[in-house]
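Q: Quick note, the sequence shown lines up with residues 1 to 169 if you use UniProt numbering.
Hints listed in this document are in silico derivations from the structure and should not be mistaken for laboratory results.
Below, simulated DSS-like cross-link-like pairs (lysine-lysine); rule was C-alpha separation at most 30 Å, straight line:
#: 1; residue 1: 39; residue 2: 28
#: 2; residue 1: 39; residue 2: 29
#: 3; residue 1: 135; residue 2: 123
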Amino acid sequence: MRTGTTNTEVNIPTVSLFLVPTEMSVLKKENFNNWYNLKTYYAALLVTGMPLQNGTFLGAIWTCAMIVYAGYLVLLAHMNTVMRAVSHASFLRYAFEALVLAIYSNGRQPLNCPENITYCHLKHPKTVISEFSLKPDNYWTDIWILVGELVFIRILAYFTLKRSVKAST
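Just need the whole structure built from these sequences, with the hints factored in.
A: Here it is in structure tokens:
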């Protein structure tokens, strides 16, 4: 019923009205042949768009939570025990930690500070690493965790797709 559609109705529920003109020729033919009436088509259009709309909304909320627990909005040293445990589920934590360690570890020379400033707190890379409560030897651990999460998500997506195909046949 929805062949050749685009996902323009995903972001905002009211945008689903803009999807109808892209299918207008197919809709006219199928409605003319009395395959289904307009109410049925529109109800199916609204219902099939809901999972994508909900996923978009919940995905944004999940991303905001992962940003909070990543360690650069709320520092790891300032998190309580529960928040720190939750931060281990955030892939952004490991990505941020690996990025900071890639930039500021491995014998990086002190940073240049403006000459008109008498005190430059973050001049030394070790200070930056300690401010974020990071361990310099965690770089490869972070990389392996990120790779492991990626592989896990890909395998999970494959089995979910396999289950969906099996259920539809």
